[in-house]
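Work out the full structure: start from the sequences and follow the hints.
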Amino acid sequence: MPPAYRVRRRRAGPARYFHALFVVACRGVGRAGEVEWKVSEMKYSWILFDADETLFRFDAYQGLRLMFSRFNVDFSVEDYQAYEAVNQPLWVDYQEGRITSRQLQEVRFEGWAQRLNMTACAINDAFVQAMTEICEPLPGARELVLSLRGRVRMGIITNGFTAMQNERLQRTGLSDAFATLVVSEEVGVAKPDVAIFEHAFALMDNPPREQILMVGDNPHSDILGGINAGIDTCWLNTRDEPAPQGITPSYQVGSLRELQQILLA
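Count along the sequence shown from 1, then add 3; that gives the number in my numbering.
Wrong hints could be hidden among the right ones.
If you anchor each label on the Cβ, the simulated ranges turn out as follows [unchecked claim]:
#1 V89 / R174: 25 to 33 Å
#2 D82 / S258: 28 to 36 Å
#3 E189 / E56: 16 to 24 Å
#4 S72 / A198: 35 to 43 Å
#5 L267 / T122: 46 to 54 Å
#6 V76 / D208: 45 to 53 Å
#7 E113 / D77: 16 to 24 Å
#8 R242 / Q132: 24 to 32 Å
#9 V95 / L119: 24 to 32 Å
#10 Q248 / A63: 22 to 30 Å
Bear in mind the hints are in silico, worked out from the structure with no lab data behind them. Note that the structure is predicted; figures quoted are calculated from it, not measured. Where a beta carbon is used, it is the ideal one built from N, C-alpha and C, also for glycine.
The following block contains the structure:
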């Protein structure tokens, strides 16, 4: 049996490393004495992705502008800043389990509900619909997913909301590529809680943890969550930011195209 070799570690920018994910087997020697190589096995049998700002662009400002325009409101940058001052702390509370997804979705629009004489629930539903309409894959996302299809099984673990997920996958033509879709709103816990990862693993028939890779843009929810769940992680760090103290991803890339090049090298 021919010997097996691993592709060498590749440097990808200052202090950024990524182990190649293929086991390569020597398949013989050509007439000119050159070794012929064939990819025989991937290190990972499953790759899990975050959704927002990992696979899909999530431009909340443009979504809010579209939604409020339908209520004859000219939503400004100042309005958005005020919204985010309420919204961001609510997301922290949600991810840490202090509030429910429904509380998050409604509390953030309570002020606007009073101004527009509508329910916060109705405004949130309109916002989710607007976000679905403007959704588009991030650069390289479609190419990455389609290139991995048939090589590994793929899933999504998202802290987003159920109403958006399936329609977004249908609109972008990627729904058939994913074997598992786990939405925090349905599970009752959000990343980085290990329970949502364990829920996903059960749906995946509990593959060996060393065969699972989690890819995400948020070091606190995606990367720390994956680490605590005992799986490898890849931080999509498009802004080349330093990793938060105490969070060390297995790998780090600056773009999905970079990830694709490494996976399929």
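(Q) Between the beta carbons of R242 and Q132, is the distance compatible with 24 to 32 Å? (A) Taking Cβ atoms as reference, R242 and Q132 lie about 29 Å apart, which means the hint holds.
Q: With respect to the beta-carbon atoms only, verify the hint that E189 and E56 lie 16 to 24 Å apart.
A: holds, 21 Å
Q. Between D82 and S258, does the beta-carbon spacing fit 28 to 36 Å?
A. holds, 31 Å
Q) For the pair S72 and A198, does the Cβ-Cβ distance stay inside 35 to 43 Å? A) holds, 39 Å
Q | Cβ distance range 45 to 53 Å for V76 and D208, holds or violated | A | holds, 48 Å
(Q) Given the hint of 25 to 33 Å, is the C-beta distance from V89 to R174 inside that range or not? (A) With Cβ atoms ~28 Å apart, the hint holds.
Q) Is it true that V95 and L119 lie within 24 to 32 Å of each other by Cβ? A) holds, 26 Å
Q: For the range 16 to 24 Å, tell me whether the beta carbons of E113 and D77 fit it or not.
A: holds, 21 Å
Q: Hint says 22 to 30 Å; check whether the CB-CB distance for Q248 and A63 agrees.
A: holds, 28 Å
Q | Hint check for T122 and L267 - Cβ pair distance inside 46 to 54 Å | A | holds, 48 Å
Hint compliance for this structure: every hint is met.
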